[in-house]
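Novice: Residue numbers (numbering that gives the first Met the number 0), protein chains in the order written: chain U, 0 to 314; chain D, 0 to 314.
Quick caveat, the hints were computed from the structure, so don't treat them as lab data.
Just so you know, even glycine gets a beta-carbon here, dropped at the ideal spot from N, CA and C.
Wrong hints could be hidden among the right ones.
Claimed, not checked - Using C-beta positions, here's what the derived DEER-type ranges look like:
1) D:R151 - U:H136: 42 to 50 Å
2) D:A302 - U:P105: 35 to 43 Å
3) D:R182 - U:Q20: 30 to 38 Å
4) U:R182 - D:Q20: 32 to 40 Å
5) U:L160 - D:D279: 50 to 58 Å
6) U:G152 - D:E303: 54 to 62 Å
7) U:E190 - D:G210: 32 to 40 Å
8) D:S294 - U:G152: 51 to 59 Å
9) D:H136 - U:V193: 24 to 32 Å
To be verified - Just some of the chain D residues that point at chain U, by a computed CB distance under 8 Å:
10) P47
11) F48
12) I54
13) D86
14) G102
15) D137
16) T143
2 protein chains.
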Amino acid sequence: MTNDPPAPLGELVRHEDDVLQRIAAIVGRRTIPKGEVHVGDDAAVLAPFVGEALISTDVAVLGVHLDAHLFPLEDLGFKAVASAVSDLAAMGGRPRGAVVAVGSPPGTDLEELHRGIADAAAMTGCPIVGGDLTRSHDVSVAVTVFGECPGRGAVLRSGALAGDELLVTGPLGRSAAGLRRRRAGAPLEDELVVAHRRPWPRLNEGIAARGAGAHAMMDLSDGLGIDLHRLADASGVGFELEQVPVAAGATPEEAISGGEDYELLIATDDAARLRLIFHDRGLRAPITIGHVVASKTERTYNAEEFVRRGWQHQL
Amino acid sequence: MTNDPPAPLGELVRHEDDVLQRIAAIVGRRTIPKGEVHVGDDAAVLAPFVGEALISTDVAVLGVHLDAHLFPLEDLGFKAVASAVSDLAAMGGRPRGAVVAVGSPPGTDLEELHRGIADAAAMTGCPIVGGDLTRSHDVSVAVTVFGECPGRGAVLRSGALAGDELLVTGPLGRSAAGLRRRRAGAPLEDELVVAHRRPWPRLNEGIAARGAGAHAMMDLSDGLGIDLHRLADASGVGFELEQVPVAAGATPEEAISGGEDYELLIATDDAARLRLIFHDRGLRAPITIGHVVASKTERTYNAEEFVRRGWQHQL
Chain U
0 MTNDPPAPLG ELVRHEDDVL QRIAAIVGRR TIPKGEVHVG DDAAVLAPFV
50 GEALISTDVA VLGVHLDAHL FPLEDLGFKA VASAVSDLAA MGGRPRGAVV
100 AVGSPPGTDL EELHRGIADA AAMTGCPIVG GDLTRSHDVS VAVTVFGECP
150 GRGAVLRSGA LAGDELLVTG PLGRSAAGLR RRRAGAPLED ELVVAHRRPW
200 PRLNEGIAAR GAGAHAMMDL SDGLGIDLHR LADASGVGFE LEQVPVAAGA
250 TPEEAISGGE DYELLIATDD AARLRLIFHD RGLRAPITIG HVVASKTERT
300 YNAEEFVRRG WQHQL
Chain D
0 MTNDPPAPLG ELVRHEDDVL QRIAAIVGRR TIPKGEVHVG DDAAVLAPFV
50 GEALISTDVA VLGVHLDAHL FPLEDLGFKA VASAVSDLAA MGGRPRGAVV
100 AVGSPPGTDL EELHRGIADA AAMTGCPIVG GDLTRSHDVS VAVTVFGECP
150 GRGAVLRSGA LAGDELLVTG PLGRSAAGLR RRRAGAPLED ELVVAHRRPW
200 PRLNEGIAAR GAGAHAMMDL SDGLGIDLHR LADASGVGFE LEQVPVAAGA
250 TPEEAISGGE DYELLIATDD AARLRLIFHD RGLRAPITIG HVVASKTERT
300 YNAEEFVRRG WQHQL
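In isolation and in its complexed conformation, chain U is listed as follows:
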């Protein structure tokens, strides 16, 4: 708060507290479990977690993660929460809550931004239990989610074994195709544009895959072209990619390197059990895309080298 002028007495000094109260009314949960404290104290207090605790943080910046000319501000809030919750899905976790730290310049519609945050929180069953606001040049949303893993432990990226089947939870490229369509003038309600604006974390699929004993799992946030390499790097293995399922309306390149699909990538030695559990729970059948090989350097797509490619920030 170094460069702020000292706040004057009287009305203005209540400004931050007032804004916080309006936002708490938007993101606050109507019913807070007995004994818990969400927004309003120094820290949120939650009832004890069951099993391992999972934590992940993601920051989204207007102009970097979302084009303000093409999309409403609430989409930034929605995407920030959804991409963070997807990291819990990628471990097979169950969300317990999230906190949001928002930076914004004067005049930003913080209520619109928080409506997007609240929508994603409600749709993923992940209550917003706290937050922080600050002045900044960028509009940014840093979301931290935490979850729990009752029973069997979290599914890591590093557990893939030679011979495992590789599967994804759905066809790829919808988000990149939606962005392309929006740039070409498609309305916000276009089905693929909605896939870009409102990504859906695969929580049920992640929990089912953990229950089915999957060896390794991650979410495809940056595209199969880079994330498949990351899973292989973490597991110390290679892969033979045999097919990439392309979503209707997307191009093969969008399916490989578009990113932001948030489908799960799963490695398992018992794909039949995985399919059965998905079927029993009414989930869409996972799609086999290839298998894991022992040689770390063997990384092929239909027998040709599969080059690492996808979205990366230039830092």
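Place chain D on chain U using the hints.
Specialist: Positioned in the frame of chain U, the structure of chain D alone reads:
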């Protein structure tokens, strides 16, 4: 990632992963508890928490929370982590870990920033278990900390009762005095300047106060002039402030509205027990500053109205 150019094949595409690896080497803990996963997967995995879970998030922006002309970048990282950990101290919690989401423009010395983050993590016993990096115009650090409350539950702001004694864990105004001295040319090593650059979360004091059955507690991040009102608001009470302990080298005004001292404000009906437990644990004696009264509107300092004042962001 909307406005990034698609990353080219080959070297550049590994840039983000490379930076992440260098940073992980700075903030990563040398010994990770068996069964835990910190940096490197979709989410961090921690062993089960004991008792209630505490969560808090804080964002610090260069130029808002720290003057880049007066202080090194690593101070931004240190202060961001310390102020977040202080929120755990304010509940009487024990830290279990933190995640950091960093936004920065090209050319930012991310390693220096993360050295400050790592220093604060080491000094508070709060390991950095994950993070995220993004491109932005501001240099910003969003820190989310989580802790646990074994035994007796967290101490809230809302529990103060009429008749309670109000105490603080130390004299106030050191941080504001240090900033003033730095602006006047004092070296970075000046004792009060260090108090501004390297705030110390009162974790041991918070745990001791929780054990002593304190009714209410919070940290003085924005100054007694606003935080005492916040505690009274949350508890639905008033107060009679009798003295404000001013740190050596600070002014009375800095002690009241300077902020960033991170001493704890405690309300208890058994100050003798609090003092005894602090003494037994080798902690500095807490200082009585006044007491709680039933009337919400009675808020006085030596019988005159105590007006709400302190740092607030203009949002």
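Novice: Hint by hint, which ones does this structure get wrong, listed from lowest number up?
Specialist: Going through the list in order, the structure violates hint 7 alone and respects the others.
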